[in-house]
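Enquirer: Using the hints, position chain B against chain A.
Protein chains: 2
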Amino acid sequence: MSLALAVDVGGTKVETGFVAPDGTVVEGSRMRRPTGASSSTEELWSSVAECIRATMATLGDRELLGVGIGSAGPIDVQEGRVSPLNLVAWRGFPLRDRVQELVPGVPVTLRMDGLAIALAEHWVGAAQGYDDVMGVIVSTGIGGGLVLHGSTVAGPTGNAGHIGHIEVGGFDDPCACGGTGCVEAIASGPKTVAWARRQGFTGLTGEDLAAAHAAGDEIAIAAVARSGLAIGRAIASATALVDLQIVAIGGGFSHVSPALFDHIRAAIDERVQFGFVTKVKVVPSGLSGAGPLIGAGALVHRAELVPPL
Amino acid sequence: MSLALAVDVGGTKVETGFVAPDGTVVEGSRMRRPTGASSSTEELWSSVAECIRATMATLGDRELLGVGIGSAGPIDVQEGRVSPLNLVAWRGFPLRDRVQELVPGVPVTLRMDGLAIALAEHWVGAAQGYDDVMGVIVSTGIGGGLVLHGSTVAGPTGNAGHIGHIEVGGFDDPCACGGTGCVEAIASGPKTVAWARRQGFTGLTGEDLAAAHAAGDEIAIAAVARSGLAIGRAIASATALVDLQIVAIGGGFSHVSPALFDHIRAAIDERVQFGFVTKVKVVPSGLSGAGPLIGAGALVHRAELVPPL
Chain A
1 MSLALAVDVG GTKVETGFVA PDGTVVEGSR MRRPTGASSS TEELWSSVAE
51 CIRATMATLG DRELLGVGIG SAGPIDVQEG RVSPLNLVAW RGFPLRDRVQ
101 ELVPGVPVTL RMDGLAIALA EHWVGAAQGY DDVMGVIVST GIGGGLVLHG
151 STVAGPTGNA GHIGHIEVGG FDDPCACGGT GCVEAIASGP KTVAWARRQG
201 FTGLTGEDLA AAHAAGDEIA IAAVARSGLA IGRAIASATA LVDLQIVAIG
251 GGFSHVSPAL FDHIRAAIDE RVQFGFVTKV KVVPSGLSGA GPLIGAGALV
301 HRAELVPPL
Chain B
1 MSLALAVDVG GTKVETGFVA PDGTVVEGSR MRRPTGASSS TEELWSSVAE
51 CIRATMATLG DRELLGVGIG SAGPIDVQEG RVSPLNLVAW RGFPLRDRVQ
101 ELVPGVPVTL RMDGLAIALA EHWVGAAQGY DDVMGVIVST GIGGGLVLHG
151 STVAGPTGNA GHIGHIEVGG FDDPCACGGT GCVEAIASGP KTVAWARRQG
201 FTGLTGEDLA AAHAAGDEIA IAAVARSGLA IGRAIASATA LVDLQIVAIG
251 GGFSHVSPAL FDHIRAAIDE RVQFGFVTKV KVVPSGLSGA GPLIGAGALV
301 HRAELVPPL
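Taken in order, these protein sequences are the chains called A and B. Sequential numbering from 1 applies to the first sequence in this note's numbering. Sequential numbering from 1 applies to the second sequence in this note's numbering.
In isolation and in its complexed conformation, chain A is listed as follows (with noise of 0.2 Å):
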């Protein structure tokens, strides 16, 4: 059997592990290191490099194919470098080299998370069948990646799929990227959190918001239909830009109630006039929690959809 060594970098942790031609992850050769935003440079890699080392070990006999990395944004492709938001010490790491330091001879691709996990959606998830498609990861912040007419796109410097940091209108939130109004600094699970609590809900945590929201609690109620609002109008947005067919949305916080969706889609359909727009298709993720591994996988299992850069 051929596999995928497939590397997910996260703001909080690492990933590795085999990926099969199936598309699911091989027993036993899922390995995670926690990543952090306090840790030193060396100190991320030394995570990555043990995952990798420990993933490596249970081989035995069968055929590497190559390594598919996703990693956190923002990156840049040309360079193989990687700087991700939450992971401070990295910025402008050469992230892909030194993997490819450590597997020797077989091809490394990199690129987003966002851009991984959406392929993943299109070869095994919930997005099979689409040519048009966007991933979108609900969680600390708001991720995405696209598929279109069929193919992955990454852009010149591999940032295609910042979804969340499209602005929404009628929101004036100030985001850590620069903007205003962007998505992320609206609708993340945090942000929504902290809306929440600024109205008076005392709970700390998506979790908690969620708790309320299943037991009638109000505030926790208006705070899912806010981020859902936001939500599906950055939808609009894109699907006006690219002309979507489905958008699949998972990541932590995008289980928080079955509202969220409701509110998604009643975002999407103020467009009224624009049937290409409202045709979008809203749907949960159709990944297990491996998700971000099973995309990292694709890159090397779907190469022909990541067009070189």
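Be aware that one or more of the hints could be misleading.
Unchecked claim - Chain B residues, not near chain A, derived (Cβ > 12 Å throughout): (1) Glu27; (2) Met31; (3) Arg33; (4) Arg53; (5) Ala54; (6) Gly66; (7) Ala89; (8) His149; (9) Thr180; (10) Trp195; (11) Gly200; (12) Thr202; (13) Leu204; (14) Lys279.
Stated by the list, open to error - Simulated restraints, written as ranges between beta carbons of each label pair: (15) B:Lys279 - A:Arg32: 30 to 38 Å; (16) A:Ala214 - B:Ala266: 40 to 48 Å; (17) A:Pro307 - B:Asn86: 33 to 41 Å; (18) A:Lys281 - B:Arg197: 35 to 43 Å; (19) B:Pro284 - A:Pro34: 47 to 55 Å; (20) A:Val272 - B:Gly129: 39 to 47 Å; (21) B:Gly92 - A:Asp269: 31 to 39 Å; (22) B:Thr12 - A:Val272: 32 to 40 Å; (23) A:Arg32 - B:Pro190: 50 to 58 Å; (24) B:Pro174 - A:Arg32: 43 to 51 Å; (25) B:Gly286 - A:Pro308: 46 to 54 Å; (26) A:Ala215 - B:Asp269: 40 to 48 Å; (27) B:Pro107 - A:Pro94: 42 to 50 Å; (28) A:Lys281 - B:Gly129: 48 to 56 Å.
Just so you know, the hints here were simulated from the structure itself, not pulled from any lab data. We treat Cβ as the ideally placed atom computed from N, Cα and C, and that holds for glycine.
Expert: For chain B alone, kept in the frame of chain A given last:
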């Protein structure tokens, strides 16, 4: 010489002409008729057909390679139908098939006018040498089109490139599409003049506003600043989503003042943490007034960049 028959269908006029392989319009082939909101379905079609016949009468013994149609949107490329917002008599009008009847035996390609213009900027305009391009027209409305990874992006229905319907943070102007704070509802020529008039400006047109701006009128200066801020923010959102290298802006209202471009630039540069956004170049269109025709011709001469849908 092998020529493309170019057909541009807009809200106020239809134009046709032959476009040569060097991207110029053949002298004597250019024809124009008014369209207009009050025309009937067949009156509109008669204007198009008269233009096409008049242009075709100038073909002589040159070869006709194909027909390119750029139309105001929305459109339905799969069905070959157009429903331009400003041509209310045409809702699902079968433009592609009607044109094909007039010019049998050659391929006919229909796309949005904004896509055609983006392709023309990439071919012979301000975006030559770039693979990730947005063309923008600021006029009665705001339209545009995309070239990504060196190829045009039409989307499954042909409606990709509706840049005018990206929302803008901090604005809540209602839009004709049903959205809130769409950049077209804020920053088109008529919407900018309307805002100025609400502040006490007494002029009626974009030209009046341009003259007042040149004369140092404070309301005109504020109106152009507001328009530029909104356009810049919409470009920043688009760049976050698709990682653009360059945006070429044309259309009558883009000439209101060079200051418009300064405000666009400043708004994009607000995204201080995102170098991949602030890196986007914003330049005036490099096309002549024949830009839409050249774009329609490019659908034929640059057919390898126009994937079939």
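Enquirer: Next, verify each hint and record whether it holds.
Expert: Against the structure, the hints:
1. Its beta-carbon lying about 37 Å from the closest one in chain A, Glu27 of chain B satisfies the requirement of being farther than 12 Å from that chain.
2. For Met31 of chain B, the condition that its CB be more than 12 Å from all CB atoms of chain A holds, with the nearest at approximately 30 Å.
3. No beta-carbon of chain A is positioned within 12 Å of the beta-carbon of Arg33 of chain B; the least distance is around 26 Å.
4. Chain A leaves Arg53 of chain B outside its interface by the beta-carbon criterion, the shortest separation being 32 Å against a cut-off of 12 Å.
5. Separation of Ala54 of chain B from chain A is adequate, the least Cβ-Cβ distance of about 33 Å exceeding the 12 Å criterion.
6. Once the 12 Å rule is applied to beta carbons, Gly66 of chain B is consistent with being away from chain A; the minimum gap is 21 Å.
7. The claim that Ala89 of chain B is not at the interface with chain A holds, since no C-beta of that chain comes within 12 Å of its own (minimum 16 Å).
8. The beta carbon of His149 of chain B is not kept farther than 12 Å from every beta carbon of chain A, the shortest such distance being approximately 6 Å.
9. Against chain A, the non-interface label of Thr180 of chain B is violated: not every CB pair exceeds 12 Å, the least being about 4 Å.
10. Chain A leaves Trp195 of chain B outside its interface by the beta-carbon criterion, the shortest separation being 16 Å against a cut-off of 12 Å.
11. For Gly200 of chain B, the shortest C-beta to C-beta distance to chain A comes to about 25 Å, beyond the 12 Å cut-off, and the non-interface label holds.
12. Distance check on Thr202 of chain B: its Cβ is at least 29 Å (rounded) from any Cβ of chain A, clearing the 12 Å threshold; non-interface status holds.
13. Distance check for Leu204 of chain B against chain A: the nearest CB is about 26 Å away, which clears 12 Å, and the non-interface claim stands.
14. Not every CB of chain A lies more than 12 Å from the CB of Lys279 of chain B, the least distance being 8 Å, so the non-interface label is violated.
15. At about 34 Å, the CB distance of Lys279 of chain B to Arg32 of chain A agrees with the hint of 30 to 38 Å.
16. As the Cβ distance of Ala214 of chain A to Ala266 of chain B is approximately 45 Å, the hint placing it in 40 to 48 Å holds.
17. For Pro307 of chain A and Asn86 of chain B, the Cβ-Cβ distance of about 37 Å falls inside the hinted range of 33 to 41 Å, so the restraint holds.
18. Roughly 41 Å separates the CB atoms of Lys281 of chain A and Arg197 of chain B, a value that falls within the hinted 35 to 43 Å.
19. For the pair Pro284 of chain B and Pro34 of chain A, the beta carbons lie near 50 Å from each other, so the given range of 47 to 55 Å is met.
20. Our hint of 39 to 47 Å for Val272 of chain A and Gly129 of chain B holds, since their Cβ atoms are close to 41 Å apart.
21. The hinted range of 31 to 39 Å is not satisfied by Gly92 of chain B and Asp269 of chain A, whose Cβ atoms lie roughly 21 Å apart.
22. Take Thr12 of chain B and Val272 of chain A: their Cβ atoms lie about 25 Å apart, and the range 32 to 40 Å is violated.
23. At about 56 Å, the beta-carbon gap between Arg32 of chain A and Pro190 of chain B stays in the expected band of 50 to 58 Å.
24. For the pair Pro174 of chain B and Arg32 of chain A, the beta carbons lie near 48 Å from each other, so the given range of 43 to 51 Å is met.
25. At about 28 Å, the CB distance of Gly286 of chain B to Pro308 of chain A disagrees with the hint of 46 to 54 Å.
26. Range check, Ala215 of chain A to Asp269 of chain B: about 45 Å between beta-carbon atoms, so the 40 to 48 Å window is met.
27. Checking the proposed 42 to 50 Å range against Pro107 of chain B and Pro94 of chain A shows it holds: the Cβ atoms sit about 48 Å from each other.
28. Hint check: Lys281 of chain A to Gly129 of chain B, Cβ distance near 37 Å, so the stated range 48 to 56 Å is violated.
Against the hints set out earlier in the document, violations occur for numbers 8, 9, 14, 21, 22, 25, 28.
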